[in-house]
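**Q** Line order of the protein sequences matches chains P and S.
Note that the numbering used here gives residue 4 to position 4 of the first sequence, counting from 1, and the numbers run on in steps of one.
Note that the numbering used here gives residue 13 to position 13 of the second sequence, counting from 1, and the numbers run on in steps of one.
Rather than coming from a laboratory, the hints here were simulated on the basis of the structure.
All residues carry an ideal CB built from backbone N, CA and C; glycine is no exception.
There could be a bad hint or two in this list.
Pulled from the structure, derived: some chain P residues nowhere near chain S, Cβ distances all over 10 Å [unchecked claim]:
(1) A6
(2) L8
(3) A62
(4) M85
According to the in silico footprint, chain S covers these stretches of chain P (three or more CB under 8 Å from chain S) [said to hold, decoys possible]:
(5) 29-40
(6) 44-58
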Amino acid sequence: MTPGSADLTGEIRLLLAEITGDGAALEAPLGTPLLRDGIGLDSLGGTVLLTEIKRRYRVDIADEDLNLDSLASIGALASYLQARMAAPWSPR
Amino acid sequence: MIKCVIWDLDNTLLDGVYLESGERPPPVSTALSAVLHELAGRGILHAIASRNPPEAGVYAEQATGHAFAAVVCGWGAKSAAIETITAELGLTADEVAFVDDDALERAEVAFRLPEVLVLAPQDLREAAALPLLGAPASTEEARRRGELYLQRRARREEARSFGGSREDFLRHCGTRVTIAPASAADLPRLHELSVRTHQFNSTGIAVAEAEFAALLRSADHQVAAVRLADRFGDDGLVGACVIATSPASWQVRLLMMSCRALGRGVIDALLAWICRAARAEGTDEIAVACVISPRNVPLRIALTSAGFRTGRELEADGAERTAVYRRPAGDALPELPDWVTVPA
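If we strip away everything but chain P, and leave its shape as in the complex, we get:
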């Protein structure tokens, strides 16, 4: 893992902890799902996460990733953002 992606993972964990009001996200394994039984985001919490990501990283996941596979886990989200910020998205 590059230092950049480690930073990004840390930022995502902090953001999740802030949204859920629960520090569990800080320690959760990379494979932890974000929705439901994992971090426990519901549709509202997930929306707040996507809105904050759009604001911070200028990546509009809800517009690009229609299956929201990037919310599959903490690691999936970090990889998605890493890839998107390394190479600008080509328009649909």
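For chain P, the structure is supplied; the task is to place chain S on it using the hints.
**A** Here is chain S on its own, set in the frame of chain P:
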């Protein structure tokens, strides 16, 4: 009592986007400006929370002719702007209302500052008739709506001090979700939901009462109505779905839920029920045609969370992007919580 209304500018207090309107900034919304002055006349303060340069705030003061008690223009989260404003004015979050046309901004504020009264611009006129916003007389409808706001606040305050999981909290509140075939008596509310729901609406198209009436009579369609109540109050009919049923697949033509039910497990319960009912009928697949819009992100999260996936977008026919989310009816079913009641 609400002591301050905090306004978004772009497409809310202003009829347009400040930074996208060139030399001439957009005019003030006549309707909202009228409400602003009416509320000011009752002694309610006004403030601005806008993603714009500070000049936008100066312009809004000139254009409305109102001196705002606080102006926060910048690119941070709206909840942070509201916290700055309440700190400046010495108010608590439960003493402010926030008006924004953007459903996601409203969701962000509702999520982080649950005590704030969050309103869409189209709801402000109605809210202005409430005693909560200093209205003198009270109609039956205004009284009922005011009660709903108070119930919502009481529920959120309790949620804040509750230790367990969200599911535990919903159970603790005595949450009851009832899913049953819609009846003729539901038609006005079904129509209203089709017009007023955005965050949880798969089509974004208003459906007339007559169209719902025809669907109720159709042998090939199911219209399911979703009701919600808990010990804080009865929210009544908060959502519905229209399903075109055939042995091979269930096509969900419309899925809608009021934001009143946000965060209370209702959309997940409805999707879980659809999956179970489809399987009980021996159907192979469930398909939900869903508009791809920034407004309905919460619905799309709920769909993917319930195991629905989409291939590629349908070719846009001009206006709206659409994708069909599908899942096999036989796959591992999303859990239906024990507080959901369905017809036998």
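**Q** All the hints need checking, so say for each whether the structure fits it.
**A** Status of the hints after comparison with the structure:
1. Against chain S, the non-interface label of P/A6 holds: every CB pair exceeds 10 Å, the least being about 25 Å.
2. With 10 Å as the threshold on Cβ separation, the claim that P/L8 sits away from chain S holds: the shortest Cβ distance comes to roughly 19 Å.
3. Annotated as non-interface, P/A62 brings its C-beta within 10 Å of a C-beta of chain S; the closest such distance is 4 Å.
4. The Cβ of P/M85 lies farther than 10 Å from every Cβ of chain S, with a closest approach of about 18 Å, so its non-interface assignment holds.
5. Beta-carbon proximity to chain S at under 8 Å applies to 3 residues in the stretch 29-40 of chain P; the threshold of 3 is reached and the given coverage holds.
6. Remark: the stretch 44-58 of chain P is confirmed as covered by chain S, as 9 of its residues place a Cβ nearer than 8 Å to a Cβ of that chain, reaching the required three.
In the structure shown, a violation is registered for the earlier hint numbered 3 alone.
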